[in-house]
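Peer 1: Following this note's numbering, the numbering of the sequence shown begins with 1 at its first residue and continues without gaps.
Check each hint, because a few of them may be wrong.
Have a look at the derived ranges for each label pair, beta carbon to beta carbon [as the list claims (entries may be wrong)]:
(1) VAL4 with VAL25: 29 to 35 Å
(2) ILE22 with GLU2: 27 to 33 Å
(3) THR5 with GLY33: 37 to 43 Å
Think of the hints as simulated: they come from the structure by calculation, not from any bench.
Idealized CB from N, CA, C, for every residue including glycine.
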Amino acid sequence: MEAVTEVLSALIPPVVVGGAFIFGVVKLVRSEGAGQRPNRQDQAENHN
1 MEAVTEVLSA
11 LIPPVVVGGA
21 FIFGVVKLVR
31 SEGAGQRPNR
41 QDQAENHN
């Protein structure tokens with residue numbers, strides 16, 4: 001049982017950090033996307 005506790009205690013910090021990082025990235029992408037939605041067609045024309 002100690003091995004399971006050690007494994008969990010070793011895995012929890014990276015999972016928490018990874019989850020917080022992913023949450024921040026998703027929040028940033030959503031806020032960026034919300035600001036650029038009206039210009040999406042203009043950006044598509046510029047890429048072509």
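Peer 1: Hint by hint, note whether the structure agrees.
Peer 2: Going through the hints against the structure:
no. : hint                        : in the structure
1   : VAL4 with VAL25: 29 to 35 Å : holds (31 Å)
2   : ILE22 with GLU2: 27 to 33 Å : holds (31 Å)
3   : THR5 with GLY33: 37 to 43 Å : holds (42 Å)
Consistency with the previously given hints is maintained throughout, with no hint failing.
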